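Engineer: Sequence:
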Amino acid sequence: MNILGFFQRLGRALQLPIAVLPVAALLLRFGQPDLLNVAFIAQAGGAIFDNLALIFAIGVASSWSKTAQVRRRWRVRVGYFVLTKAMVTINPEINMGVLAGIITGLVWWRSL
1 MNILGFFQRL GRALQLPIAV LPVAALLLRF GQPDLLNVAF IAQAGGAIFD NLALIFAIGV
61 ASSWSKTAQV RRRWRVRVGY FVLTKAMVTI NPEINMGVLA GIITGLVWWR SL
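To convert, note that position 22 of the sequence shown is 22 in full-length UniProt numbering; the numbers rise steadily by one, no gaps.
If you are wondering where the hints come from, they were derived from the structure by calculation, not from laboratory data. This one's a predicted model, so the numbers in the text were calculated from it and none came from an experiment. Any given hint might turn out to be false.
Subject to a maximum C-alpha distance of 20 Å in a straight line, what follows is the list of computed SDA-like cross-link-like pairs (lysine to any residue) [said to hold, decoys possible]:
1. K85 with I3
2. K85 with G101
3. K85 with L10
4. K85 with A53
5. K85 with V60
6. K85 with S63
7. K85 with N95
8. K85 with L106
9. K85 with N51
10. K85 with V23
11. K85 with Q32
12. K85 with I103
13. K85 with G97
14. K85 with I41
15. K85 with L36
16. K85 with I102
17. K85 with F56
18. K85 with F49
19. K85 with L54
20. K85 with V20
21. K85 with A13
22. K85 with R9
Assemble the whole structure, with the sequences as input and the hints as a guide.
Structural biologist: If you want it as structure tokens, here you go:
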């Protein structure tokens with residue numbers, strides 16, 4: 001692979017994580033006190049920004065993989081971050097644990 005091919009492939013790999021950023025920004029903005037004042041929406045957007053490095057790492061690694069199944073797995077991780085952060089905002093004493101993983105997995109499975 002030449003240098004141009006490498007950078008083209010890297011650019012395609014970065015498109016997937018970058019596509020999440022506008023959604024995260026909208027969630028974060030809509031949840032602010034001067035707009036809708038809904039804390040769990042703001043925390044859902046914040047969860048994406050809090051785990052941004054991990055989202056880029058997973059997105060780039062999965063984009064370079066050969067199978068489509070691996071490329072889709074990063075969406076589950078983002079969904080898990082959003083779900084757990086939003087639920088803690090609604091009730092700080094709640095510990096979703098494995099239930100959050102099951103719910104996220106079922107939502108991902110049904111969306112295929």
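Engineer: Give a verdict on every hint.
Structural biologist: Hints, one by one, checked against the model:
no. : hint          : verdict
1   : K85 with I3   : 40 Å, violated
2   : K85 with G101 : 13 Å, holds
3   : K85 with L10  : 30 Å, violated
4   : K85 with A53  : 17 Å, holds
5   : K85 with V60  : 23 Å, violated
6   : K85 with S63  : 26 Å, violated
7   : K85 with N95  : 10 Å, holds
8   : K85 with L106 : 18 Å, holds
9   : K85 with N51  : 11 Å, holds
10  : K85 with V23  : 16 Å, holds
11  : K85 with Q32  : 15 Å, holds
12  : K85 with I103 : 14 Å, holds
13  : K85 with G97  : 12 Å, holds
14  : K85 with I41  : 9 Å, holds
15  : K85 with L36  : 18 Å, holds
16  : K85 with I102 : 16 Å, holds
17  : K85 with F56  : 19 Å, holds
18  : K85 with F49  : 11 Å, holds
19  : K85 with L54  : 15 Å, holds
20  : K85 with V20  : 16 Å, holds
21  : K85 with A13  : 26 Å, violated
22  : K85 with R9   : 32 Å, violated
Violated hints, in rising order: 1, 3, 5, 6, 21 and 22; the structure is consistent with all others.
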